[in-house]
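Following the hints, complete the assembly by docking chain V onto the known chain A.
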Amino acid sequence: RKEVEQDPGPFNVPEGATVAFNCTYSNSASQSFFWYRQDCRKEPKLLMSVYSSGNEDGRFTAQLNRASQYISLLIRDSKLSDSATYLCVVTSLTGGFKTIFGAGTRLFVKA
Amino acid sequence: NAGVTQTPKFQVLKTGQSMTLQCAQDMNHNSMYWYRQDPGMGLRLIYYSASEGTTDKGEVPNGYNVSRLNKREFSLRLESAAPSQTSVYFCASSERGGSPNSYNEQFFGPGTRLTVL
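One line per chain: the protein sequences are A and V, in this order.
Letter 94 of the first sequence, counting from 1, is numbered 94 in the numbering used here, and no numbers are missing.
Letter 4 of the second sequence, counting from 1, is numbered 4 in the numbering used here, and no numbers are missing.
Same shape as in the complex, but just chain A (with noise of 0.2 Å):
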């Protein structure tokens, strides 16, 4: 089992639809959780922490479940510049400080 699961997708939604991503995490002692945007052929970026009270910026909003170990990304009111590959990302000190990135999900956005 890998340590970090994301869904491969793609994902194909209209513009202005609202999309959910979730991700799960197999380390219950993982201690940092993200979300990581990555265009195609470019670099991830930061797209925001994940905190257990749950975050939101924007039209974008972070939840952790711990017992659960899952996090999940919502994007409401989609918009075409949304469609990239969504990185979920967890950081331990199990054994050492580890960041373990997940494979990412598709989004792909239609007008």
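Hints were generated in silico from the structure; no laboratory data involved.
This list has only true hints and no planted wrong ones.
Below are the SDA-like pairs computed for lysine to any residue, each with C-alpha atoms no more than 25 Å apart in a straight line: (1) A:Lys-45 with V:Pro-39; (2) A:Lys-98 with V:Tyr-64; (3) A:Lys-45 with V:Pro-110; (4) A:Lys-45 with A:Arg-76; (5) A:Lys-98 with V:Asn-65.
Quick look at chain V alone, frame taken from chain A:
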């Protein structure tokens, strides 16, 4: 402020050749990382340097060596390239790895696309 820079952007090698990928950051970050990204695999950590003067193996270190030359620079060397090392290589840095969220954000360079024939 250039952030994280990597050279070269593209490289084609023959099996058995050696090369060094260069990475530099100008954000005064303590921690630096080398990843490879393959289709369907996500980013996998090759080596990292938590601070100047230290380096540690990541998930896939075999066939690679690194040097943390100073606080700014972290290089990755392939001593004898193999076709299995065909990949996109990303360098990243963070203020301080293993610390609370605000210090963990990793900033990535634009990547090096390496093909080994």
